[in-house]
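Engineer: With the sequences and hints as input, model every part of the structure.
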Amino acid sequence: MKRLRNKYIKDERVKFISHLDLLRVFQRALRRADIKVAFSQGFNPHPKISFGPALIVGATTEGDYMDIDLEEDISPEEFRKKMNKVLPPGIEIVESYEVELNDALSTKIKGAEYILQVNVKKSIKYIQNKIEEFMRKDIIEIEKESKSGRKMVNIRPCVLELKVIEEAEDYLKFYIKLKLGEGAPNPLHLLKALNDYLGNLFDIDSYKLHRKNMILE
Amino acid sequence: MNNLKDKIDALLMKVSKPTRYTGGELNSSIKNPEEVKVRFAFAFPDVYEVGMSHLGLRILYHLLNKREDVYCERVFAPWLDMEKLMRENDIPLFSLETKTPLDKFDFIGFTLQYELSYTNVINMLNLAGIPILSRDRKGLPFVIAGGPCAYNPAPLSDVIDFFVMGEGEEVINEIIDAYIDWKKRGGEREEFLQIVSQIKGVYVPKYYIEVYNQDGTIKEIRTIKKGVPEKVKKRIVKDFENVYHPEEQIVPFMDIVHDRIMLEIFRGCTRGCRFCQAGMIYRPVREKSKEKILDLADKLIKSTGYEEISLTSLSTCDYSQIEDLVKKLIEKYKDKGVGVSIPSTRVDAVSINLLKEIQKVRKTGLTLAPEAGTQRLRDVINKGITEEDILEATKEAFSAGWTNVKLYFMIGLPTEMMEDVEGIVDLAYKIVDNYKEVKGNVKNLKVTISTSTFVPKPFTPFQWTAQDSIKDIMEKQDLLKKKLKSKVLKYNWHNPYMSFLEAVISRGDRKVGKAIIKAWEKGCKFDGWEEYFNYDKWEKAFKEAGVNPHFYANRERSLEEVFPWDVIDVGVDKRYLIREYKKSQEGRITPDCRLYCTGCGVKDFDEGVVCFEAPQK
Ligand code: SF4
Numbered sequence: 001m002k003r004l005r006n007k008y009i010k011d012e013r014v015k016f017i018s019h020l021d022l023l024r025v026f027q028r029a030l031r032r033a034d035i036k037v038a039f040s041q042g043f044n045p046h047p048k049i050s051f052g053p054a055l056i057v058g059a060t061t062e063g064d065y066m067d068i069d070l071e072e073d074i075s076p077e078e079f080r081k082k083m084n085k086v087l088p089p090g091i092e093i094v095e096s097y098e099v100e101l102n103d104a105l106s107t108k109i110k111g112a113e114y115i116l117q118v119n120v121k122k123s124i125k126y127i128q129n130k131i132e133e134f135m136r137k138d139i140i141e142i143e144k145e146s147k148s149g150r151k152m153v154n155i156r157p158c159v160l161e162l163k164v165i166e167e168a169e170d171y172l173k174f175y176i177k178l179k180l181g182e183g184a185p186n187p188l189h190l191l192k193a194l195n196d197y198l199g200n201l202f203d204i205d206s207y208k209l210h211r212k213n214m215i216l217e
Numbered sequence: 001m002n003n004l005k006d007k008i009d010a011l012l013m014k015v016s017k018p019t020r021y022t023g024g025e026l027n028s029s030i031k032n033p034e035e036v037k038v039r040f041a042f043a044f045p046d047v048y049e050v051g052m053s054h055l056g057l058r059i060l061y062h063l064l065n066k067r068e069d070v071y072c073e074r075v076f077a078p079w080l081d082m083e084k085l086m087r088e089n090d091i092p093l094f095s096l097e098t099k100t101p102l103d104k105f106d107f108i109g110f111t112l113q114y115e116l117s118y119t120n121v122i123n124m125l126n127l128a129g130i131p132i133l134s135r136d137r138k139g140l141p142f143v144i145a146g147g148p149c150a151y152n153p154a155p156l157s158d159v160i161d162f163f164v165m166g167e168g169e170e171v172i173n174e175i176i177d178a179y180i181d182w183k184k185r186g187g188e189r190e191e192f193l194q195i196v197s198q199i200k201g202v203y204v205p206k207y208y209i210e211v212y213n214q215d216g217t218i219k220e221i222r223t224i225k226k227g228v229p230e231k232v233k234k235r236i237v238k239d240f241e242n243v244y245h246p247e248e249q250i251v252p253f254m255d256i257v258h259d260r261i262m263l264e265i266f267r268g269c270t271r272g273c274r275f276c277q278a279g280m281i282y283r284p285v286r287e288k289s290k291e292k293i294l295d296l297a298d299k300l301i302k303s304t305g306y307e308e309i310s311l312t313s314l315s316t317c318d319y320s321q322i323e324d325l326v327k328k329l330i331e332k333y334k335d336k337g338v339g340v341s342i343p344s345t346r347v348d349a350v351s352i353n354l355l356k357e358i359q360k361v362r363k364t365g366l367t368l369a370p371e372a373g374t375q376r377l378r379d380v381i382n383k384g385i386t387e388e389d390i391l392e393a394t395k396e397a398f399s400a401g402w403t404n405v406k407l408y409f410m411i412g413l414p415t416e417m418m419e420d421v422e423g424i425v426d427l428a429y430k431i432v433d434n435y436k437e438v439k440g441n442v443k444n445l446k447v448t449i450s451t452s453t454f455v456p457k458p459f460t461p462f463q464w465t466a467q468d469s470i471k472d473i474m475e476k477q478d479l480l481k482k483k484l485k486s487k488v489l490k491y492n493w494h495n496p497y498m499s500f501l502e503a504v505i506s507r508g509d510r511k512v513g514k515a516i517i518k519a520w521e522k523g524c525k526f527d528g529w530e531e532y533f534n535y536d537k538w539e540k541a542f543k544e545a546g547v548n549p550h551f552y553a554n555r556e557r558s559l560e561e562v563f564p565w566d567v568i569d570v571g572v573d574k575r576y577l578i579r580e581y582k583k584s585q586e587g588r589i590t591p592d593c594r595l596y597c598t599g600c601g602v603k604d605f606d607e608g609v610v611c612f613e614a615p616q617k
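Sequences listed follow chains U and E, in order.
Take 1 as the starting number for the first sequence in the numbering used here and just add one per residue.
Take 1 as the starting number for the second sequence in the numbering used here and just add one per residue.
Calculated from the structure, these hints are not laboratory results.
Any given hint could be a false lead.
Derived CB-CB ranges, DEER-like [to be verified]:
1. U:N200 <-> E:K5: 25 to 33 angstroms
2. E:K5 <-> U:K144: 30 to 38 angstroms
3. U:R136 <-> E:R362: 34 to 42 angstroms
4. E:K37 <-> U:E182: 26 to 34 angstroms
5. E:K37 <-> U:D21: 31 to 39 angstroms
6. E:G139 <-> U:G181: 41 to 49 angstroms
For lysine-lysine, the following DSSO-like pairs were computed, each having C-alpha atoms within a straight-line distance of at most 27 angstroms [stated by the list, open to error]:
7. U:K212 <-> E:K7
8. U:K192 <-> E:K7
9. E:K332 <-> U:K48
10. U:K2 <-> E:K336
11. E:K363 <-> E:K436
12. U:K121 <-> E:K7
These figures come from a predicted structure and were not determined experimentally.
In this text, a Cβ means the ideal position worked out from N, Cα and C, and glycines have one as well.
Structural biologist: The following block contains the structure:
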């Protein structure tokens, strides 16, 4: 058995497929490529495929990771080529390498970089300054729903970077770097907090989100 | 860039299950619309996950796209959240593949699988900005329809430009060829309708009228155009072994109702259940050879990567070499983790053995359909199984480890009495006892009993019978609700108002069609979905259209009555249906015609129609 770590792209064409759907896409692609994947033991065996943190439905990525355990001895390069031949248009493995079997992807992923574009309702003056102000806060609270009800959580420690990279008349484009992991916010949480701070200037439902990269340890 | 596509994308950020509308699935067809002569929109009047589970769509989609001069795309009924956004943002109904508005197509082809999807047909046309009435359309596209419900074309006669009767594999190509020829000549719309009315299997409703008697029944169906056939004969595929079957299949991203390979191993059914429309209209039985099936299975598994292959037909266990076929498939693909499934289970030892085989790869449920609770009633409907069969099969299954059984029954069957309904209860408890006998207790056992309500259908021996009143049905359901109370039993029933509406439309005439349009105007759609079904609106629609729905659902017809669907010839002789109807009243059964021909007439329907003969063992 060997474990391959794969970096993949999910582009505009397939941005609406969910995380669960994506798992099925890879399972079926493995069968089409005739590659033997390893199965877990036990009552209900399932293929040993694990993904990094889920991407929001509607977002694209060029830097997500996924581990697959294989029964057969196949080189990462051959694996990548075989899979790309059978994956549906819009999904592509761009990098593949072998890692130790005890190397768990979930503990390796530390953060992610995003490009987020949002429509604005009216143009905002001195936006760069305002963002800097926003980032100087020690506490950025968002409301999160959990089993025990609603509660406020501070997401500031998870926000590593936030800056405007493009200003247009009707939209803004941000670069965002976030910590990933249990309970970490996604870029939309941050966008909402920023929108509240700026006094509701964004058309919060009209956004485009792209994950540039996942930061591995 | 395609501007509409961007607008659609923006909406998709806000709807549930956006992949219903994106297209782009593996094996979907990508072509340049500019390079084809005919653009065909295959329209399914229900939501994506239902429509994509339909074999007919899958066959015709790939069949049409095999032609270089045709691009067939798909369109489904958008779910209510999406429809709302589309209407608010002026987005017309579009095809999944290229996001082209429907009115840019040459054909919109609806498949009619269920009467309660008719309001969706109208709604989809309206969403596309296409006039809902055939007579108001000018230029393109042509709105056509096929599928089992099309055999009674009357209710949608004002909406559909022409219907295609029978198996579409051959006739669709003839229609397309005629179209290309007509378009090249720059012909008039009317001229094309005249041309297709001469193609065998095509029914152009505007060339026929219903003439009524005083009492509202039909006096005659008159042709009002010279040269159109008095009766439209359905099309039958004669060489089923070699008829086109796709070697690839679209693999949806989202979970659909039947998310697996569908391989059609035979068509038709010889059992002759008297309530079953499919068993009559898809005659005769035609099998594919085992070799052909194995070859197709291999190609389909390679091209889709699916984890399950379903051998489909009306009664899969009746395939002449079913045991051998299932064993071979399992042997060959179990290492790849591909399971086999058979959609309908015969109640006997052979099928239980088959399920045991299948279980080796993938867990499978046990579903049996006794249909009626007493032997008397099972004889009436010609469901050729006995109580012993059922008990033996379940016992066998329990010994083999099954703990869940699903049983399907119908209530409201002709001649049914309360005793017959009680019979369902008796049978359920006998099965529970059975389990106790095998296992010593009833721990883990779960018996699910589902009843649907009998709907008399055109072209069946019961086309003359009355449907039970809603009140009677409710009484029967109440009895079952009361008596099927136990920890191990679960009872499911069907909304009786929906079954009533189904009965009205399935034997409806053109007057019923007016009521359907009224119902749509009142906002009816997705009538097949209980949460959206609104009977009050339908009641008002009937009233406004001057239609008494009980006349259609709850009235017993005389043998002489002219039916709206008598203009169609499905191959099964009316005399045979009458014979079967009379036998049912006497409680006499008719054997499976694999044993010997029971004279339904389809053999002599058309040249080259050959009924299946079992290979000599
Ligand atoms: S013609 Fe005879 S053998 Fe053929 S389907 Fe009818 S009853 Fe069966």
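Engineer: The structure should be examined with respect to each hint, and the outcome stated for every one.
Structural biologist: Results for each hint:
1. U:N200 <-> E:K5: 25 to 33 angstroms: Given about 29 angstroms between the Cβ atoms, the range holds.
2. E:K5 <-> U:K144: 30 to 38 angstroms: holds (35 angstroms)
3. U:R136 <-> E:R362: 34 to 42 angstroms: violated (58 angstroms)
4. E:K37 <-> U:E182: 26 to 34 angstroms: violated (58 angstroms)
5. E:K37 <-> U:D21: 31 to 39 angstroms: Once the Cβ atoms are compared, 35 angstroms apart, the range 31 to 39 angstroms for D21 of chain U and K37 of chain E holds.
6. E:G139 <-> U:G181: 41 to 49 angstroms: violated (60 angstroms)
7. U:K212 <-> E:K7: Answer holds: K212 of chain U to K7 of chain E is near 24 angstroms, not above 27 angstroms.
8. U:K192 <-> E:K7: holds (23 angstroms)
9. E:K332 <-> U:K48: holds (23 angstroms)
10. U:K2 <-> E:K336: Holds: K2 of chain U and K336 of chain E sit about 19 angstroms apart, inside 27 angstroms.
11. E:K363 <-> E:K436: holds (23 angstroms)
12. U:K121 <-> E:K7: At roughly 18 angstroms apart (the allowed maximum being 27 angstroms), K7 of chain E and K121 of chain U satisfy the hint.
Hint compliance for this structure: hints 3, 4 and 6 are broken, all remaining hints hold.
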